[in-house]
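Chains as they are written, first to last, in my numbering: chain A, 1 to 109; chain B, 1 to 117.
Hints listed in this document are in silico derivations from the structure and should not be mistaken for laboratory results. Take the hints with a grain of salt, since some may be wrong.
Claimed, not checked - Footprint (simulated), chain B over chain A, 3 or more residues, beta carbon under 8 Å:
hint : segment
1    : 22–33
2    : 43–55
3    : 96–102
Backbone N, C-alpha and C define an ideal beta-carbon position, used for all residues, glycine too.
This is what each chain is made of:
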Amino acid sequence: SQQGEEDPQALSIQEGENATMNCSYKTSINNLQWYRQNSGRGLVHLILIRSNEREKHSGRLRVTLDTSKKSSSLLITASRAADTASYFCATGANSKLTFGKGITLSVRP
Amino acid sequence: DAGVIQSPRHEVTEMGQEVTLRCKPISGHDYLFWYRQTMMRGLELLIYFNNNVPIDDSGMPEDRFSAKMPNASFSTLKIQPSEPRDSAVYFCASSSYRDRGNTGELFFGEGSRLTVL
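Kindly generate the complete structure, drawing on both the sequences and the hints.
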């Protein structure tokens, strides 16, 4: 069963703009991770945030986690055409990592 | 490091045939995962191993699917007999990190795209 649900399903923005993607989940988690997948390729890990953390940064990425609302957001600042990809949130619980169905991000040059 | 290596990258077969997908994890990683990705169901965890031992195979869809890890550098996922509904991209991922008892960062291979006619 799917744990994380990403929102929106698709996002199209202009290069230079910020992209915000959301993830909601249903049960308690120990950590939440975001991954990127380019077309026809494997998934690449972006960032991990633990359940006792509220915000984390990595380069142009900012992730927040609100365990009371069971939600997370991924912000990509100053987007580039190379950021065009699918983005997945994955929740870690019961020793498993469960992925949502992903968000398709298109960044127009 | 070469990363996680999967073969074949593409496989087209006919219903009823046996399919074997192969995976070489990153050296030193002690966790190995098999996922299946389809448009309808997204990414599903099929099975995972720790130190070559299967820990959880509750995601394996049915008895037609089996997975083995005979040593730390090799794993196979076998489907026998294959059916059209098995068509998907199968990913292998490995990890050396557990985040306080939970799965840490996964390193994915490029996937094996299976088409069953």
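Evaluation of the provided hints:
Only when three residues or more bring their CB closer than 8 Å to a CB of chain B does the claim for the segment 22–33 of chain A stand; here the count is 3, and the claim holds. Coverage of the segment 43–55 of chain A by chain B holds in this model, with 5 residues showing a Cβ closer than 8 Å to a Cβ of that chain against a need of three. For a cut-off of 8 Å, the count of residues in the segment 96–102 of chain A with a CB near a CB of chain B stands at 7, and the three-residue condition holds.
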